[in-house]
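Same order as they appear, the protein sequences are chains A and B.
Yeah, the first sequence ends on 239 if you go by this note's numbering, and it's all consecutive.
Yeah, the second sequence ends on 239 if you go by this note's numbering, and it's all consecutive.
Hints should not be assumed to be uniformly reliable.
The list treats identical chains as interchangeable, and a pair is accepted whether it falls inside one copy or across any two copies.
What the hints assert, rightly or not - EDC-like mimics (lysine to aspartate or glutamate), calculated; alpha carbons at most 16 angstroms apart, straight line: (1) 64 to 199; (2) 64 to 143; (3) 104 to 190; (4) 131 to 111; (5) 114 to 135; (6) 64 to 183; (7) 131 to 146; (8) 155 to 122; (9) 64 to 180; (10) 131 to 109; (11) 64 to 184; (12) 64 to 190; (13) 155 to 143; (14) 131 to 110; (15) 155 to 190; (16) 114 to 142; (17) 131 to 199; (18) 155 to 180; (19) 104 to 141.
No wet-lab data here; the hints were simulated from the structure.
Chain by chain, the residues:
2 protein chains.
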Amino acid sequence: MSGMAAFIAPLWNASKVQTGASHNLLYRCERPSRGRVAKGTGRVPTTMVFSDAGVVTDEVFSAKGMSVEQFFERSLGEWRSQRSSHNLAWTQFEQVTSEIVIRKLENTDDEVAKLCQANGVDEADIMMSVKMSWEGESDWDEETSEGESVLCVIKDGARHGRLLRSIGYAETIPAVGNWEMTEDGVFVLDTTYDAAAAEERIWFATPDLRLRVSQIRTSSGRGVMTASLSSEVRRLNVN
Amino acid sequence: MSGMAAFIAPLWNASKVQTGASHNLLYRCERPSRGRVAKGTGRVPTTMVFSDAGVVTDEVFSAKGMSVEQFFERSLGEWRSQRSSHNLAWTQFEQVTSEIVIRKLENTDDEVAKLCQANGVDEADIMMSVKMSWEGESDWDEETSEGESVLCVIKDGARHGRLLRSIGYAETIPAVGNWEMTEDGVFVLDTTYDAAAAEERIWFATPDLRLRVSQIRTSSGRGVMTASLSSEVRRLNVN
Chain A
1 MSGMAAFIAP LWNASKVQTG ASHNLLYRCE RPSRGRVAKG TGRVPTTMVF SDAGVVTDEV
61 FSAKGMSVEQ FFERSLGEWR SQRSSHNLAW TQFEQVTSEI VIRKLENTDD EVAKLCQANG
121 VDEADIMMSV KMSWEGESDW DEETSEGESV LCVIKDGARH GRLLRSIGYA ETIPAVGNWE
181 MTEDGVFVLD TTYDAAAAEE RIWFATPDLR LRVSQIRTSS GRGVMTASLS SEVRRLNVN
Chain B
1 MSGMAAFIAP LWNASKVQTG ASHNLLYRCE RPSRGRVAKG TGRVPTTMVF SDAGVVTDEV
61 FSAKGMSVEQ FFERSLGEWR SQRSSHNLAW TQFEQVTSEI VIRKLENTDD EVAKLCQANG
121 VDEADIMMSV KMSWEGESDW DEETSEGESV LCVIKDGARH GRLLRSIGYA ETIPAVGNWE
181 MTEDGVFVLD TTYDAAAAEE RIWFATPDLR LRVSQIRTSS GRGVMTASLS SEVRRLNVN
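Please model the complete structure; the sequences and the hints are all you need to start from.
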């Protein structure tokens with residue numbers, strides 16, 4: 001049976017995963033479908049290691065109780081992203097693969113100062129700043145897309161605050177969003193733009209896998225136009 | 001710019017959404033991409049109405065504080081589902097569209113009695129039972145897939161409990177999962193199978209849009225093999 005929604009259905013049924021040398025991980029999938037079995041074997045790129053390899057204890061990772069500081073510290077690094085977007089009116093899909101780099105900026109950085117000034121915010125109020133750059137390909141586009149954005153995190157309380165961005169999500173203009181860290185360890189970000197509003201829910205499934213669900217809403221916030229999922233796998237340097 | 005991950009990027013930029021007669025909803029998208037604009041206009045099927053049409057107040061819907069009873073009551077009905085699945089080792093995508101029907105079963109129903117008996121559970125302990133049936137198409141399969149499953153919800157506390165299923169998610173065998181309703185209104189379901197474990201997070205983005213994020217993990221729970229998103233839009237009967 002193939003990938004049915006709602007509690008059920010094995011989309012992929014990985015029957016054997018050999019996790020010997022982490023940089024030589026062999027991955028085999030069997031996907032049963034009405035009597036047939038679609039099989040495949042793949043070798044994971046040497047620059048990518050799955051979380052199993054990076055975890056040394058027997059404990060299962062949980063994001064519960066994660067602080068916003070931990071969330072952003074963990075977000076630093078290089079990521080390979082798979083993104084699927086659903087256009088809900090048209091029942092259409094978009095697929096994007098991209099490379100993302102997130103690095104820390106000092107509060108003394110010119111770009112941080114500029115973003116603070118534009119928003120009338122004192123640099124001393126910034127908890128942390130990062131710069132994100134990305135490069136990727138969509139199945140809707142022939143060309144590669146790339147860009148970057150500066151993000152400044154302001155804490156207005158232990159688990160909520162604001163996020164300044166030099167480029168927004170739903171529209172390519174500067175934006176200020178409101179964030180909250182839920183007790184479950186999910187970073188929830190709400191941003192209202194001129195013609196739309198975005199809600200993003202981002203959390204760590206493992207230390208090296210970040211999931212992000214985004215919704216683009218009408219500006220009233222009542223209707224949802226698109227929903228999307230990004231699976232971001234950390235790139236580790238393996239010698 | 002196309003759909004980049006991480007806080008950024010308009011995948012779809014719906015510039016005009018006419019919401020006149022709900023059954024004649026006109027939907028227009030403009031998708032800017034490096035100077036080009038991909039345009040499209042679509043007519044929403046008459047059997048489907050977006051949440052804007054079903055909402056009569058000006059309040060923005062929030063699932064915060066939703067009880068498990070409310071969650072399952074709201075889940076009853078007919079749904080059109082778009083599902084995307086990410087194979088994280090192979091960077092592969094699967095797309096599935098399906099029709100889902102969820103209807104209530106009485107505790108006196110034979111199928112409920114059978115499932116309770118198989119799990120050694122007293123029918124009096126069942127909070128609610130539902131039957132899900134689905135039919136759908138994957139871009140990996142030529143044939144249509146269909147099936148059904150009986151679900152019985154047991155409350156072990158105000159916000160946590162167990163879920164009995166006649167067919168599981170990651171493997172097509174009966175399964176018992178542990179659920180929790182977060183304060184944020186997310187139904188989180190963990191199920192351990194023989195060769196894998198599944199975590200599902202399901203919540204209502206609007207009264208008529210249910211989002212579901214699923215992860216299939218290795219049985220140790222430490223590695224994630226696939227992540228997927230289902231966007232489920234309620235089918236309303238419009239005269």
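Original post:
Hints broken by the structure, by number, lowest first?
Top reply: Going through the list in order, the structure violates hints 2, 3, 5, 13, 16, 17, 19 and respects the others.
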